[in-house]
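Visitor: Here is how the chains run, residue by residue.
Protein chains: 2
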Amino acid sequence: MSNHFHTIVIGAGSGGMTVAVGLAGLGKQVAFVEAQHIGGDCTNVGCVPSKTVIDLAKKFKPGMNPDEALREVTRKRNALREKETEEVRHMPNVTLIEGWAKFTAPKVIEVASKAGGMQKLSAENIVISTGARPRMIEIPGLPRERTLTNETLFDLRDLPKHLVVMGAGIIALEMAFAFRKLGAKVTIFALDKRPLMTYIPEVAEAMQPEIEKKGIVSYYGATATGFDQATHTLTLKQGEKEIQIQDVDKVLVAVGRVKNLESLGLEQAGVKWDAGTGVQVNSFGESNVKGVYAIGDVTPTSAFTHSANAQGRRVVQCIAFPFLPLAKKEPIFPNATFSDPEVANVGLTQKQIAEKYHPQLIKRIRVDFKDHTDRGYTDGVENGFIIADVIRLTGRILHVTIVGASASEMISFFTLAISQKISLYKIYRLVYPYPTFSSGILKVADFFMRETLPNIRKELGAFLKYRFAK
Amino acid sequence: MSNHFHTIVIGAGSGGMTVAVGLAGLGKQVAFVEAQHIGGDCTNVGCVPSKTVIDLAKKFKPGMNPDEALREVTRKRNALREKETEEVRHMPNVTLIEGWAKFTAPKVIEVASKAGGMQKLSAENIVISTGARPRMIEIPGLPRERTLTNETLFDLRDLPKHLVVMGAGIIALEMAFAFRKLGAKVTIFALDKRPLMTYIPEVAEAMQPEIEKKGIVSYYGATATGFDQATHTLTLKQGEKEIQIQDVDKVLVAVGRVKNLESLGLEQAGVKWDAGTGVQVNSFGESNVKGVYAIGDVTPTSAFTHSANAQGRRVVQCIAFPFLPLAKKEPIFPNATFSDPEVANVGLTQKQIAEKYHPQLIKRIRVDFKDHTDRGYTDGVENGFIIADVIRLTGRILHVTIVGASASEMISFFTLAISQKISLYKIYRLVYPYPTFSSGILKVADFFMRETLPNIRKELGAFLKYRFAK
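As they're listed, the protein sequences go chains A and B.
Note that the first sequence covers residues 1 to 470 in the numbering used here.
Note that the second sequence covers residues 1 to 470 in the numbering used here.
Since the hints were derived computationally from the structure, they do not count as laboratory data.
Be careful, since some hints might not be right.
Identical copies carry no separate label here, and so any pair may be met within one copy or between two of them.
Quick list of in silico lysine-lysine cross-link-like pairs, DSSO-like style, CA-CA up to 30 angstroms [unchecked claim]:
(1) Lys329 - Lys426
(2) Lys465 - Lys114
(3) Lys370 - Lys83
(4) Lys426 - Lys28
(5) Lys28 - Lys181
(6) Lys83 - Lys241
(7) Lys181 - Lys370
(8) Lys213 - Lys83
(9) Lys421 - Lys214
(10) Lys76 - Lys370
(11) Lys83 - Lys443
(12) Lys58 - Lys76
(13) Lys443 - Lys426
(14) Lys465 - Lys28
(15) Lys241 - Lys58
(16) Lys214 - Lys102
(17) Lys213 - Lys114
(18) Lys443 - Lys328
(19) Lys426 - Lys351
(20) Lys470 - Lys290
Nothing here was measured: the structure is a model prediction, and the numbers come from that model.
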């Protein structure tokens, strides 16, 4: 075996797979280095098992066995892992190398093989896609066997009677809802002041009543001070208050993620990075060292499988077709949380809008499914909305957040509208099946028209005044 | 009260409501004539109660009371009906007239009041939105109290033990799935050779296994020959075969709809119509008589609430702003069935494609959720797909049909793409949240690219050869 390759991909998660499969399919020799499982987080400890448990929880009915559901999750995950591993092993032009990679020079790595031994590999291009791992916060007195992360959660063989979730982000919320539906008692606590802090605050306002309705107990602005193994009691501190949580079986730690970069020897390669934002890359995923790329969790802009894949596709194009034009900017990445209801958003962040536009130039439109759609009425929806930030007068959409039953599916409509710069005037002319949640999209356009058309002079004036105000 | 109005709207269903509310809001005097309930089919015997029963059936769990669910449907329907009726009664510029309307001249009608008595009304514009009613087929021996249509179904106070559904169209399938989930035994039979005949045949191929999996018994190409009241046995004829269906409680007749036009005296107005396709209207909803419009079920192109509303909005614009430009063509109407899985489509029919294009110019792309999306895997989906018919080389989308969990929500993406002529090349560049069913949209674009790019010369040749071939 030659030790020189066209491209080395370090990390066989979704993003790495996209690059390795893409380049190998184009006839390039690829070394594919993986220290753990093929498929990375997504297949093994992320999207695939989490969405399986969410689906089984949704279909769960009284009288069914929740332990059986959890074992089914493990079975389905393992089956997919084995299938993907076999596919990679037999993929033409791909050499799978199982071990830990470390740079020794800009285009050279050393791999400490899982089987023992060490080998040096070189390549014209190296793609870093080593992903991230759960951030750990120790709780004094809490034994290892009671501590879970997303890396161990899907190996559970029995439903915890009482699951405590530390954190209130995406993973924390998704699992809190799913395990509650399977019949576990669920308590969440977080240092954050509200759930789902990465979304606009209205999301927390809509989600908190849903969290309570499902019987999930929640504490915000709270930290754990200790666990008493004799009584199975977890103690929290919330401001001055001390809270005792009784009969705790397991604690799922879901308080953010750490990029897997520190043991890669990036200094030897001269690649610039820091632990917070990851590898510094341009919009094509290339680092400061020509030919060294990074995609997925180790970059500043992507924390999802779909964004890692999108970055991977761009890197494949950069490497294999350097002469072909490629859009300068990364495509916009939507974001989805599979809680109940779901949450999804796309477009600029509030910070980006504030940096780029005068506040008077922006119109916020809010459609509540309960009050403004008949489907909200038939389905007894209490919380959920479409919020859109648009440029006044022109109706150009900058940002959309949806909380609702099919938010993760509905959001792609807005990804398309924003990418293609389709204004609310055009969206107003479309017909939406009745009665769907998507007919709320028409309401967004309708509200915009009703505020704009009768005040067209005022709107035009404000637009002209503020459009270059920032 | 003056008897002359700006506009008379005959029929207070969704479409009529859109026109009456729209014109009244613009200060026009509207006479709103309704012989039955405000809200028409949608509120009273259509979308609203049917989607309520579908939602309650979805949330139904062992141990719950199905009769309670049915009564909740009636309650919610009645509450909405009362609310809408009150709103109409108090709406400025709207005069509600309860009774049966009949034309006596092009712009004059006579209303036989519900309270007794007769009055003559005239107007500059008359909008016919009288809707449709269920087509009845008598089954010899079947007593009235065992016969249901969508007009009586939602007054049921107790779940039938065994519901037989006559028909295999949209209403038939939606109700068969919902009542089965509530615990009823359900049998469907239809003269049609397959379920959901109005969709492409692949829909039936996907739905039939789902019908069977849910334990719904089905007979196609079958007619009822009689009902024996002593034994509660319904006899079907299927070709040469005779089939006995035992212990039948109720029979829901859902075999199409009849337009409510024959008693309107359209001849006196000189309005052209026929019982099959309805009132002959141009794309603005205007009949051959200037100032007489028709929208919704009584037109050839609309059988849904959302299309009736869209037509209503166009008529409002025509009547109130005749000088403003209005798109010549009606917008495209998507179509959705809330079965399990859902079915939705948008774009040209197969017949329209065949008339307009050479078959060699069309590429059909099929993505199966089970095989081609990870969400299909996590959710254990067995049947369901996105089928798209596109122009080869250019990737312009002509038609899309989706069978799947959120088909009714996903379809709006394609309504937007088709209306705005966004090709699969652009759709390929978008990022879709993972793992959603919508990520199947990316696969559609991906499959198109994989078939097109490596064969670009052949594709270009075929495109040039066949683009004007029809």
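Visitor: Between Lys241 and Lys58, at a C-alpha cutoff of 30 angstroms, which is it: within one copy, between copies, both, or neither?
Guide: neither (35 angstroms within a copy, 42 angstroms between copies)
Visitor: Can you tell me if Lys181 and Lys370 fall within 30 angstroms by alpha carbon in one copy, between copies, both or neither?
Guide: Both: 23 angstroms inside a copy, 25 angstroms across copies.
Visitor: How do Lys214 and Lys102 come out at 30 angstroms by Cα distance, when the copy is not named: within, between, both, or neither?
Guide: neither (47 angstroms within a copy, 54 angstroms between copies)
Visitor: With 30 angstroms as the alpha-carbon cut-off, assign the pair Lys426 and Lys28 to within, between, both or neither.
Guide: For Lys426 and Lys28, the Cα distance is within 30 angstroms only across copies (27 angstroms; inside one copy 45 angstroms).
Visitor: Check Lys421 against Lys214 for me: Cα-Cα at most 30 angstroms, and say if that holds within a copy, between copies, both or neither.
Guide: Answer is neither; intra-copy 39 angstroms and inter-copy 43 angstroms both fail.
Visitor: For Lys465 vs Lys114, is the C-alpha pair at or below 30 angstroms within one copy, between two copies, both, or neither?
Guide: neither (64 angstroms within a copy, 58 angstroms between copies)
Visitor: Up to 30 angstroms between alpha-carbons, please classify Lys213 paired with Lys114: within, between, both or neither.
Guide: neither (48 angstroms within a copy, 46 angstroms between copies)
Visitor: For Lys426 and Lys351, with the copy left unspecified, which applies at a CA distance of at most 30 angstroms: within, between, both, or neither?
Guide: Intra 27 angstroms, inter 28 angstroms, cutoff 30 angstroms: intra and inter.
Visitor: At most 30 angstroms between C-alpha atoms: does Lys76 with Lys370 qualify within a copy, between copies, both, or neither?
Guide: between (37 angstroms within a copy, 14 angstroms between copies)
Visitor: Reference check for the pair Lys465 and Lys28, CA-CA at most 30 angstroms: within, between, both, or neither?
Guide: neither (55 angstroms within a copy, 36 angstroms between copies)
Visitor: For Lys470 vs Lys290, is the C-alpha pair at or below 30 angstroms within one copy, between two copies, both, or neither?
Guide: For Lys470 and Lys290, neither the intra-copy (35 angstroms) nor the inter-copy (52 angstroms) Cα distance is at most 30 angstroms.
Visitor: Taking 30 angstroms as the upper bound on the Cα-Cα distance, should Lys28 and Lys181 be classified as within, between, both, or neither?
Guide: neither (47 angstroms within a copy, 53 angstroms between copies)
In this structure, the hints that do not hold are numbers 2, 5, 6, 9, 14, 15, 16, 17, 20, in rising order.
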